[in-house]
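A.B. asks: Protein chains in written order, with numbering that gives the first Met the number 0: chain Z, 0 to 189; chain C, 0 to 191.
Worth flagging that the hints you see were computed from the coordinates, not collected in a lab. Note that the structure is a prediction, hence the values are computed from the model and not measured. For every residue, glycine included, the Cβ atom is placed at its ideal position computed from N, Cα and C. Check the hints yourself; a few may be wrong.
Listed next, the stretches of chain C that the computed footprint assigns to chain Z, with coverage defined by at least 3 CB atoms under 8 Å from CB atoms of chain Z [to be verified]:
#1 2-14
#2 152-163
So, partial list: chain Z residues that the calculated Cβ filter (under 7 Å) puts toward chain C [claimed, not checked]:
#3 G149
#4 S153
#5 K157
#6 M158
Here are the simulated lysine to any residue pairs, SDA-like style, with alpha carbons at most 20 Å apart [claimed, not checked]:
#7 K157/Z - D10/C
#8 K70/C - K178/Z
#9 K70/C - D67/Z
#10 K70/C - F69/Z
#11 K178/Z - P57/C
#12 K70/C - A14/Z
#13 K70/C - K157/Z
#14 K70/C - D23/Z
#15 K157/Z - M8/C
#16 K178/Z - P4/C
#17 K178/Z - M165/C
#18 K157/Z - P57/C
#19 K70/C - R25/Z
#20 K70/C - E29/Z
#21 K70/C - S153/Z
#22 K84/Z - P57/C
#23 K70/C - Q24/Z
#24 K84/Z - A53/C
#25 K70/C - K84/Z
#26 K70/C - A26/Z
#27 K178/Z - L155/C
#28 K178/Z - M8/C
#29 K178/Z - G6/C
The lines below spell out each chain.
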Amino acid sequence: MSESSREGDAQVDVALITRWQRGDQRAATEIVERHAQALARFAATHGVRDGVDDLVQDTFVRAFHSIDNFRSDSSLRTWLFTILKRLVLDRQRAERRSRNQVELDEGHAVQEFNALDGMVADEALLRVQQAVGRLSPLQREVFTLRVTEGMPYSEIAKMVDSTEGACRVHYHNAMRAVKEYLSDEGVPER
Amino acid sequence: MTDCPNGLMRDLLPEYARGVLGADDAARVAEHLDACAMCRAELALLGRVQDGLALGVPRMNVAAIVGALPKPQPVVRVMPRRGVSRHVWQYAAAAGLVLAVGGGIVWRRAPETGAVRVADSSHVAAAAGAESTQSTASVQSEHGITFGGGLSDLSLNDLQALLGQMDSVRTLPSTDPESMTPVIMNEGGKTL
Chain Z
0 MSESSREGDA
10 QVDVALITRW
20 QRGDQRAATE
30 IVERHAQALA
40 RFAATHGVRD
50 GVDDLVQDTF
60 VRAFHSIDNF
70 RSDSSLRTWL
80 FTILKRLVLD
90 RQRAERRSRN
100 QVELDEGHAV
110 QEFNALDGMV
120 ADEALLRVQQ
130 AVGRLSPLQR
140 EVFTLRVTEG
150 MPYSEIAKMV
160 DSTEGACRVH
170 YHNAMRAVKE
180 YLSDEGVPER
Chain C
0 MTDCPNGLMR
10 DLLPEYARGV
20 LGADDAARVA
30 EHLDACAMCR
40 AELALLGRVQ
50 DGLALGVPRM
60 NVAAIVGALP
70 KPQPVVRVMP
80 RRGVSRHVWQ
90 YAAAAGLVLA
100 VGGGIVWRRA
110 PETGAVRVAD
120 SSHVAAAAGA
130 ESTQSTASVQ
140 SEHGITFGGG
150 LSDLSLNDLQ
160 ALLGQMDSVR
170 TLPSTDPESM
180 TPVIMNEGGK
190 TL
């Protein structure tokens with residue numbers, strides 16, 4: 000996304016927030032329409048398979064309760080992703096406690112990520128999911144934000160508390176790893 | 000799959016694949032893709048990744064989410080008052096008068112009558128000399144406010160009358176220091 004169109008998007012979000020704060024409930028609908036599906040995708044890449052809709056709803060509820068804290072130095076979507084990510088981590092911690100499990104390592108994360116397997120009919124897409132699932136959590140987050148959202152490195156860096164340069168390296172390393180995995184597995188061309 | 004050496008073009012591919020690239024950049028990428036098989040292959044892979052990650056993600060129910068949101072609470076702006084009413088200024092002037100005059104006034108209860116004696120500070124020296132002989136039960140101040148007995152002896156009507164007299168004072172007391180020239184009075188209270 001070009002810099003100007005990103006700024007335009009950010010301005011639209013800020014205008015919608017202002018309208019909502021002035022009492023226009025339709026502005027909330029527009030905000031949800033603009034970001035709900037991206038949040039759902041983001042939740043899925045974090046291994047959430049059940050209750051994605053609840054998670055996204057909780058994210059919006061929290062965001063609107065503290066909308067006054069939103070600073071437009073980052074995009075609204077980045078801010079929403081940050082809230083959702085916190086909720087996902089809270090949920091995962093709670094689930095681990097309830098199951099009396101030890102801290103998830105990378106391998107477990109891959110297993111969780113691949114929990115969508117049952118829903119995937121296309122073998123090639125399943126392999127792609129497996130390839131992404133094998134990335135480290137940080138690589139996977141940077142990679143999926145870049146690929147599925149087209150998010151600029153500057154925004155990704157804020158989300159993962161890193162630098163733009165480091166995120167660029169993570170992205171290209173992830174891309175190389177995905178290519179290698181798919182090449183080894185012999186993914187059929189579509 | 001080998002990587003294209005043009006890092007700038009490769010960096011733009013995810014946004015190109017998402018269709019969110021600006022027109023100028025999109026045209027440059029398209030031109031590059033025409034000549035670069037490596038980037039075409041990477042673009043195809045990006046499309047598969049997007050499809051793969053989108054699979055199994057449920058459609059969000061926007062109405063349900065919006066229904067759970069808190070209702071907006073419009074901020075009510077309180078317009079600042081343009082000024083303070085005339086009455087407030089009158090009371091403030093009266094209070095200022097009392098404080099200012101009170102700073103330079105000696106309030107003393109006459110031992111034999113309990114009357115409150117009022118005198119300007121400039122009169123204090125002389126008043127002190129005349130103190131033993133003065134048995135007046137009431138003393139009138141320069142502003143014509145008369146005190147008879149203690150404040151506690153005043154009725155509600157008297158107090159209201161007193162406040163009314165204060166309200167009639169139109170000017171604020173001067174903040175200039177009073178003359179230090181003592182005023183000497185004789186025993187009858189006349190200035191010499």
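A.B. asks: None of the hints should be skipped; say for each whether it holds.
C.D. replies: Against the structure, the hints come out as follows:
1. 2-14: Holds: 5 residues of the stretch 2-14 of chain C have a Cβ under 8 Å from chain Z.
2. 152-163: With 0 residues in contact (Cβ-Cβ under 8 Å with chain Z), the coverage given for the stretch 152-163 of chain C is violated.
3. G149: holds (4 Å)
4. S153: Hint violated; S153/Z Cβ to chain C Cβ min 12 Å, cut 7 Å.
5. K157: violated (18 Å)
6. M158: violated (15 Å)
7. K157/Z - D10/C: holds (18 Å)
8. K70/C - K178/Z: violated (47 Å)
9. K70/C - D67/Z: holds (14 Å)
10. K70/C - F69/Z: holds (17 Å)
11. K178/Z - P57/C: violated (27 Å)
12. K70/C - A14/Z: holds (17 Å)
13. K70/C - K157/Z: violated (30 Å)
14. K70/C - D23/Z: holds (9 Å)
15. K157/Z - M8/C: Violated, at about 23 Å.
16. K178/Z - P4/C: Cα-Cα ~16 Å, so holds.
17. K178/Z - M165/C: Outside the cut-off at roughly 93 Å; violated.
18. K157/Z - P57/C: Violated - the C-alpha atoms of P57/C and K157/Z are around 27 Å apart, more than 20 Å.
19. K70/C - R25/Z: Status holds; Cα separation ~11 Å.
20. K70/C - E29/Z: holds (15 Å)
21. K70/C - S153/Z: violated (33 Å)
22. K84/Z - P57/C: With a Cα-Cα distance of about 18 Å, the restraint between K84/Z and P57/C holds, given a limit of 20 Å.
23. K70/C - Q24/Z: Holds, at about 7 Å.
24. K84/Z - A53/C: holds (18 Å)
25. K70/C - K84/Z: Roughly 24 Å between the alpha carbons, so the hint for K70/C and K84/Z is violated.
26. K70/C - A26/Z: holds (11 Å)
27. K178/Z - L155/C: violated (96 Å)
28. K178/Z - M8/C: Holds. K178/Z to M8/C sits at ~18 Å (cutoff 20 Å).
29. K178/Z - G6/C: Holds, at roughly 16 Å.
When held up to the earlier numbered hints, the structure conflicts with 2, 4, 5, 6, 8, 11, 13, 15, 17, 18, 21, 25, 27 and fits the remainder.
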